[in-house]
Structures are given as structure tokens and as C-alpha cells.
Amino acid sequence: DQQVKQNSPSLSVQEGRISILNCDYTNSMFDYFLWYKKYPAEGPTFLISISSIKDKNEDGRFTVFLNKSAKHLSLHIVPSQPGDSAVYFCAASGLNYGGSQGNLIFGKGTKLSVKP
Amino acid sequence: GAVVSQHPSRVICKSGTSVKIECRSLDFQATTMFWYRQFPKQSLMLMATSNEGSKATYEQGVEKDKFLINHASLTLSTLTVTSAHPEDSSFYICSARFSVSQETQYFGPGTRLLVL
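If you read the protein sequences in the order shown, they are chains A and B.
Position 73 (the first sequence) corresponds to 73 in this note's numbering; numbering is contiguous.
Going from the second sequence to this note's numbering is simple: count from 1 and add 1000.
Hints listed in this document are in silico derivations from the structure and should not be mistaken for laboratory results.
Honestly, I wouldn't trust all of these hints.
Said to hold, decoys possible - Derived lysine to any residue pairs resembling SDA-like cross-links, with alpha carbons at most 20 Å apart:
(1) A:K38 <-> B:A1002
(2) A:K38 <-> B:Q1042
(3) A:K38 <-> B:S1043
(4) A:K5 <-> A:Y32
(5) A:K111 <-> B:T1078
Unchecked claim - Here's a subset of chain A near chain B, in silico, CB distances under 10 Å, partners left out:
(6) Q2
(7) V4
(8) L34
(9) A41
(10) G43
(11) S49
(12) K68
(13) A70
(14) K71
(15) S85
(16) F89
(17) L104
Said to hold, decoys possible - Here are the in silico distance ranges between beta carbons for each label pair:
(18) B:C1013 <-> A:P40: 47 to 57 Å
(19) B:D1065 <-> A:R17: 48 to 58 Å
(20) A:S69 <-> B:S1089: 35 to 45 Å
(21) B:E1087 <-> A:A70: 14 to 24 Å
Here the structure is a predicted model, which means the values were calculated and not measured.
Yeah, the Cβ is synthetic: ideal placement off N, Cα and C, and Gly gets one too.
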């Protein structure tokens, strides 16, 4: 039973346009959400995070939006660049979500391809 | 961002041998380190949580006698795959966290294990 879902396995976007990566979760006890970027045969790189007390967090070209009532978050990348091509993982955490304390639960990832 | 290293980056071994993978936090002290495993085109699966000076906490289905974890210091955790078999071939990634209150995990570059 997946608690964090990324329903789109892949996304293709033209350079300069906006990339929107979506993530849904089922456990209402999650209170911290993160996005990681991963290249093949490398470890994930932390991109941006958001606490459940906020609905938006912005860092340069990356913005994460959180809709708690819908249990949905999204990562916006604008403008998209070819170097953004990678697999993006959504992860969720919470001190009292029922699992091991502080552990991250990952989605399956979305492969983003930004075409020049 | 925080730097986490892993060694070796790639290892090929014969069935029945043991393999040790090191995970180091280079510029911070990590109270907690995590070990993940990733199969091709799958998400990161948490194997165990390692706290400095105490026994590791293993996730359900992970054999603790098979995957030995030692967190000897605040900057080093090791994962030993004992009596490796071909089905243990995978990509192993560690991560580290500053403190219990800090939920962001920083990942190492991963270790590709191939058991012949």
C-alpha cells in the first residue's frame, strides 16, 4: 500500500517552459515533504522541502505547493532547463505518522526530460 | 549542502563473500544514518535506521543477520552484506541527518553491488 504516489512515471517539457511534477499522499499524519532529484547511478540530491504549516515554498526556479486538504503537493520548475532532466522523487515524513520516527517515505519517481 | 560520501562506488564479488560499504558524513556530525536499497526503476526502499552508539532498527522484511550495520561514530556507518548472493545485487544508498529535529536527509552517491 503506497503512502506516497507519483502517478506520472515520465514527463517531457520544452526548454524554457514550466515543469509541473505531482505527488499525492494518503497518510494525514505526514507533516514534512521533500523533493529530491536523482541522476542514474547517483544518490538523490535534496532540492526543496515544505512543512505542513505552509502551502508554498520557493527557492530560485523551484517552487513547491502543498494542498493539505487534497493531500497533494507539486513541484514547479520554471524556466525548465535541459540540465533539469532527471528523476524526481517526492518524499514525506512525520514524527507521528505511524512508521519509524523521522523516516522518509518515497514515491516511485517521475522522470523529467527537458528538450532543447 | 551537506556532503555524504560512500565507498566503494561499485563492487563486484563472488557469491558467498561478504561486502562492506562505508558511509561518511564529511562536513557534519550525523546522529542518524539511513540505508536504502533501490532496484531498477523502483523507488528507494528503506532498509534500516542507524543511530550512533546503538543497534540499528531494521524495516520489516530486512534480515538483520544478512545486512549488518555498524554506526561506530557520528560520521561513519557501515553496511556489510554477509554471504552475498546474486539476488543481493542492487544499488545501495546511505543518507545522513543532522539531528532528530532535522528531517532533511542528505544522500551519498550510492554503491552498485553486483554478485556473480
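Measure nothing beyond the straight line between the CA atoms of A:K111 and B:T1078; if it is 20 Å or shorter, mark the hint as holding. Judged against 20 Å, a Cα distance of about 30 Å means the pair is violated.
The hint names A:V4 as touching chain B; please verify it with the least Cβ-Cβ distance against 10 Å. holds (8 Å)
Given a hint of 48 to 58 Å, does the C-beta separation of B:D1065 and A:R17 actually sit inside it? Hint holds: Cβ distance 51 Å, inside 48 to 58 Å.
Evaluation of the interface hint that places A:A41 against chain B, nearest CB under 10 Å: A:A41 check passes; min Cβ-Cβ to chain B is 6 Å, inside 10 Å.
Between A:K38 and B:S1043, does the CA-CA distance stay at or below 20 Å? holds (11 Å)
Under the criterion of a CB-CB separation shorter than 10 Å, is A:Q2 in contact with chain B as hinted? Holds: closest Cβ of chain B sits about 9 Å from A:Q2, inside 10 Å.
Report holds or violated for the interface hint on A:L104, using the least CB-CB distance to chain B and a cut-off of 10 Å. Cβ of A:L104 sits 6 Å from chain B, so the hint holds.
Does the CB of A:K71 sit less than 10 Å away from some CB of chain B? violated (18 Å)
For A:K38 and B:A1002, compute the direct alpha-carbon distance and say whether it is at most 20 Å. holds (16 Å)
Was the hint right that A:A70 lines chain B, CB cutoff 10 Å? violated (22 Å)
Hold the hint about A:G43 up to the distance rule: shortest CB distance to chain B must be less than 10 Å. With a minimum Cβ separation of about 4 Å from chain B (threshold 10 Å), the hint on A:G43 holds.
Please test the hint of 47 to 57 Å on the beta carbon pair from B:C1013 and A:P40. violated (22 Å)
This entry does not satisfy hints 5, 12, 13, 14, 15, 18 and 21, going by the numbered hints stated previously.
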